[in-house]
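Q: Protein sequences, first through last, are from chains W and A. In terms of this note's numbering, the first sequence opens at residue 8 and continues consecutively. In terms of this note's numbering, the second sequence opens at residue 30 and continues consecutively.
Any given hint might turn out to be false.
To be verified - PhoX-like mimics (lysine-lysine), calculated; alpha carbons at most 25 Å apart, straight line:
hint: 1; chain 1: W; residue 1: K157; chain 2: A; residue 2: K181
hint: 2; chain 1: A; residue 1: K42; chain 2: A; residue 2: K95
hint: 3; chain 1: W; residue 1: K126; chain 2: A; residue 2: K76
What the hints assert, rightly or not - Derived DEER-like restraints, expressed as beta-carbon distance ranges:
hint: 4; chain 1: A; residue 1: V129; chain 2: W; residue 2: E53; range: 30 to 38 Å
hint: 5; chain 1: A; residue 1: A185; chain 2: W; residue 2: Q59; range: 12 to 20 Å
hint: 6; chain 1: W; residue 1: P205; chain 2: A; residue 2: D132; range: 25 to 33 Å
hint: 7; chain 1: W; residue 1: R172; chain 2: A; residue 2: S165; range: 16 to 24 Å
Read the hints as simulated data drawn from the structure, not as lab findings. Since the model is a prediction, treat every value here as computed from it, not as a measurement. Glycine included, every Cβ here is placed at the ideal spot set by N, Cα and C.
Chain by chain, the residues:
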Amino acid sequence: MKRLAALLTAAALLAAALLLYNPLAKIGLLPPLKALLRGGAAEIAETPVIVQQVKNIAQMFTQTFYDEIVYDTGVMRTPVFSQNKRLIFIAKGEVIAGFDLSELGESAIMRRGRSIVVKLPPARVLDVVINPSGFETFIEEGEISFEESKRFHEDARRIFDENARRKGILRNSAEQGRQMLEKFFRLLGFETVDIIIPASR
Amino acid sequence: MDPKNALPPRARKRLIVLAAVILLLLAVNLAVPARKVRPPLTARTLKDLAELATVEYEVTKIVSHKDIAWYGDRKILFETAAEVKAGIDLNELADQDVRVEGDAVTVTLPRPRILLFNMKPGSMREIFNESGILRSDFSNQEKDALLSLGEKDIRAKVAAMDVLDRAARNARILVESWLRRSGYSAVRVEFRAAGGAA
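Work out the full structure: start from the sequences and follow the hints.
A: Below is the structure:
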């Protein structure tokens, strides 16, 4: 009977310790129990970076839009007996707009004495950048696969693109491109500089 | 109950006290909400740029991590890819960097630098993921942290490649072609020396 009492006391002490640990972890004073089971700081193996392709490009970046959003997948219902899923993350990154100058034709630059006319292609979104270091998981419930997470990250990029367009990135990009080239050609000594930019779609 | 089999009074008291403590802690556990502080979001901002990207590198890297512990291992392997664009910042171009003499022009361009680094989620693949029976699976947060380490390593290794030399070569070709198309017959494009002087 004494042994049973000792066993019960030990079990009760363990339960009490866990119950004491958990609220402290919840308020952030101690690492979560899950993290203790996961192990120490992550390190990746040393592997090479392989160059797959090198391209000559001619892109003029004239506008950037810094954005930060909270992405919430909402509760995703799963079959009975498995935990419902939910992912909330913060995404930080930028949208870059400008001109692809490789689209410039032979007749894009026309000079007459001290005057010059430059016809640019329409300004467009060239890149949406949210790198892995730009994602911060806030809440993760249930088992979310890498493919699912990738889909949400791609969707965050789409939201960035939409936000940037709504903020007028293409209009600003065209205006900045015009000013930039005007300054450049005036530095070259041209008195009249005419930059023609079609409206972006 | 046989008094021989009954718990000794001291042990019984101890268990009652412990049970009360457990109940109290259980109540505390239910009452304390998990800390969920959303970080403040920064303002969305548009900013002017004047950058000319002249080269793009597409690179790949395998990101692997082994978490070995006495109670079980966890292993994960990703294939990642990044796009790196390099070129020159035309905002740094000053009046004295352009010298025109009749039909001849000399332009001193700023030194090239990496302008953009982009690891698109669509170009990453999880190839292998295995956790021991006593180990939790890799969470998304952990996967993002590992991919961030991969990103850091790619950035460091790309900086040691010939990206900037190629960017400078292409920038020279591009600016020379613009200047010739603008009517200049003698065109010279050079780069600012390290430290800023031409």
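Q: Provide an ascending list of the numbers of those earlier hints which the structure does not satisfy.
A: Hint check: 2, 4, 7 fail, others pass.
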